[in-house]
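Protein chains in written order, with this note's numbering: chain A, 1 to 452; chain B, 1 to 95.
Misleading hints may appear alongside valid ones.
Derived Cβ-Cβ restraints for the label pairs, each shown as a range [what the hints assert, rightly or not]:
1. VAL421/A to GLU28/B: 54 to 62 Å
2. GLU83/B to ILE218/A: 12 to 20 Å
3. GLU28/B to LYS201/A: 38 to 46 Å
4. PRO417/A to GLU84/B: 52 to 60 Å
5. PHE35/A to GLU38/B: 45 to 53 Å
These are calculated hints, taken from the structure and not from any lab test.
A virtual CB, placed ideally from N, CA and C, is assigned to each residue, including glycine.
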Amino acid sequence: MGYIEGFFQGLIDMGAPVFLTIILTVLGLVFRMKFSRAFSAGLTLGVALVGINIVVDFMITNVGEASRSFVELTGIQLGALDMGWPPALGLAWTWEFAFLMFPIQILVNILMLSFRWTSCVNVDMWNVGNKVCTAFLVAYVSGYAWLGLLFATLQSVLELKNADYTRYRLQKLTGIPGVSMPHPMFLSGIWFYPFVKIMDKIFPSTFNFDAQKLRDKIGIFGETHVMGFLIGCLIGAFGGYDIRSILTLGVQAGAALMLFPLVAKLFTTALTPVSESATSFMKKRFSNRAFTIGLDWPIMAGRSEHWLIMILTIPIILVYALILPGNLVLPFGGLMNICMVVPLFYLTMGNLPKMAIGTIIGIPMQLYVASYFAPHFTALANATGGVEVPDGQMLAWFGMDISELRYIIAEFSLFTPIGIVLFIITIALTIYYFKGIRKEDLKIKKELGIEE
Amino acid sequence: MKKIIVACGGGIATSQTVAVKLENLLKERGLGNKASIEAININSIPTYIKSSDIYVSITQEPEGKYEIPVFSGIPFLTGIGAEEELEKIIKVINS
Numbered sequence: 001m002g003y004i005e006g007f008f009q010g011l012i013d014m015g016a017p018v019f020l021t022i023i024l025t026v027l028g029l030v031f032r033m034k035f036s037r038a039f040s041a042g043l044t045l046g047v048a049l050v051g052i053n054i055v056v057d058f059m060i061t062n063v064g065e066a067s068r069s070f071v072e073l074t075g076i077q078l079g080a081l082d083m084g085w086p087p088a089l090g091l092a093w094t095w096e097f098a099f100l101m102f103p104i105q106i107l108v109n110i111l112m113l114s115f116r117w118t119s120c121v122n123v124d125m126w127n128v129g130n131k132v133c134t135a136f137l138v139a140y141v142s143g144y145a146w147l148g149l150l151f152a153t154l155q156s157v158l159e160l161k162n163a164d165y166t167r168y169r170l171q172k173l174t175g176i177p178g179v180s181m182p183h184p185m186f187l188s189g190i191w192f193y194p195f196v197k198i199m200d201k202i203f204p205s206t207f208n209f210d211a212q213k214l215r216d217k218i219g220i221f222g223e224t225h226v227m228g229f230l231i232g233c234l235i236g237a238f239g240g241y242d243i244r245s246i247l248t249l250g251v252q253a254g255a256a257l258m259l260f261p262l263v264a265k266l267f268t269t270a271l272t273p274v275s276e277s278a279t280s281f282m283k284k285r286f287s288n289r290a291f292t293i294g295l296d297w298p299i300m301a302g303r304s305e306h307w308l309i310m311i312l313t314i315p316i317i318l319v320y321a322l323i324l325p326g327n328l329v330l331p332f333g334g335l336m337n338i339c340m341v342v343p344l345f346y347l348t349m350g351n352l353p354k355m356a357i358g359t360i361i362g363i364p365m366q367l368y369v370a371s372y373f374a375p376h377f378t379a380l381a382n383a384t385g386g387v388e389v390p391d392g393q394m395l396a397w398f399g400m401d402i403s404e405l406r407y408i409i410a411e412f413s414l415f416t417p418i419g420i421v422l423f424i425i426t427i428a429l430t431i432y433y434f435k436g437i438r439k440e441d442l443k444i445k446k447e448l449g450i451e452e
Numbered sequence: 001m002k003k004i005i006v007a008c009g010g011g012i013a014t015s016q017t018v019a020v021k022l023e024n025l026l027k028e029r030g031l032g033n034k035a036s037i038e039a040i041n042i043n044s045i046p047t048y049i050k051s052s053d054i055y056v057s058i059t060q061e062p063e064g065k066y067e068i069p070v071f072s073g074i075p076f077l078t079g080i081g082a083e084e085e086l087e088k089i090i091k092v093i094n095s
């Protein structure tokens with residue numbers, strides 16, 4: 001046993017880029033890929049990690065420095081710079097037990113298909129990183145890696161159930177049959193659903209307007225580099241920079257946000273071959289029955305409602321960040337608030353006023369959760385050695401998927417009174433939500449005229 | 001050389017998955033150097049559409065919304081109907 005542990009520790013000690021290259025290569029071989037392809041995929045993952053580190057480093061150097069000068073000048077303590085989801089999930093992969101989430105997700109899926117507890121074959125391997133994130137956060141807060149992995153496993157189970165219970169809703173919204181969405185952010189329905197029910201009582205659902213035209217007009221603000229430029233200029237201005245430095249920072253901030261996707265997509269390139277093998281393995285085993293293919297959320301991204309609300313609420317996020325007492329996070333990379341807006345879109349079937357109200361109510365919670373977890377993201381970045389975070393600076397992720405649930409299970413893992421109370425409420429809400437959403441889904445099924 | 005764009009929420013996960021799969025399929029048929037594929041952010045479509053020849057969409061797009069031919073990327077994600085969609089794309093690449 002000691003020998004094996006020593007061997008693994010030795011691997012981990014080589015650093016995440018080397019370690020993950022080896023792990024993914026081995027994983028590829030397990031799935032019977034040719035060595036050359038497996039190695040290429042493994043190395044791409046290592047390269048992706050190095051790339052993420054470079055861009056995060058770049059962001060800390062430029063935007064971070066301006067934000068520190070902003071803190072000094074204004075006295076508003078926003079020491080945690082939000083990096084957004086591409087680097088945050090990239091960083092999560094550097095956690096030493098991250099790779100275990102692959103076999104866990106696949107195994108959970110196979111077991112649940114075997115027992116007919118789900119009909120979803122989840123082929124979305126990108127969001128394995130989202131389970132890794134839950135696991136690492138709980139592990140860092142509680143000090144127990146196994147506890148993190150346990151909650152991440154539970155998350156996988158709930159994701160599949162949620163995919164099952166909302167498949168006709170998805171079909172109605174996208175027009176695509178035979179797919180479902182086991183994305184973690186839709187588990188936010190657990191806490192959002194009661195609020196949506198209350199809003200349903202207050203506002204008639206006919207109260208809505210056309211998003212397309214307005215979005216076409218302001219769509220440019222949703223372009224990554226444009227948004228980065230504007231925020232960069234804003235931070236520079238508040239940081240007391242002169243005009244030349246303000247504009248330079250704007251372009252640099254635009255570059256940071258534009259480069260994140262370019263390196264983050266390498267994760268996808270690396271994971272796709274393994275995903276293909278895992279998918280064909282699962283499909284072969286369960287080919288004798290009807291299942292849905294579990295995909296990532298962007299199959300709904302064609303709808304304008306998401307982007308309209310996300311763009312319009314950016315100023316609100318910034319104002320909240322400035323005025324909320326105790327908030328530490330300077331929102332930057334996560335300003336496009338996908339994980340709040342998209343679940344609300346899903347629950348309200350794209351009702352703009354309800355999405356807007358829900359988002360405005362939800363942002364403070366997201367900021368506080370981001371502040372809560374900032375020391376842990378910073379610790380992970382420091383531990384894996386890729387990113388040097390200067391003293392007085394933290395890294396954060398604003399707009400994280402299931403912010404509220406991750407906070408609750410992290411507190412619960414410490415057995416704090418608030419954690420225990422919120423956890424018990426969450427269990428009750430989960431039952432209420434699943435029952436309600438399933439009933440709605442069967443109604444939609446009837447509406448669509450689907451019979452089985 | 002035809003330029004193909006695939007778009008999703010961030011140009012990172014779903015669109016890149018389709019891009020990688022499509023690229024592999026084209027390579028298998030010896031068409032690897034006849035097309036370049038790029039995954040982009042859906043908000044950047046107006047910027048990219050003018051310089052592209054084919055748009056592979058992972059959402060339902062209304063017909064005639066874009067000046068270039070639009071194909072569905074969903075079959076490449078689900079594996080169902082991928083051959084048919086690929087054939088259609090190849091026709092445009094070879095045209």
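We went through each hint and held it up to the structure:
Our hint of 54 to 62 Å for VAL421/A and GLU28/B holds, since their Cβ atoms are close to 56 Å apart. Separation of GLU83/B from ILE218/A is about 40 Å and departs from the stated range, judged on CB atoms against 12 to 20 Å. Evaluation of the 38 to 46 Å hint for GLU28/B and LYS201/A yields a failure: the beta carbon distance comes to about 55 Å. At roughly 59 Å, the beta carbons of PRO417/A and GLU84/B sit within the given window of 52 to 60 Å.
Checked against the hint of 45 to 53 Å, the C-beta distance between PHE35/A and GLU38/B comes to roughly 29 Å, which is inconsistent with it.
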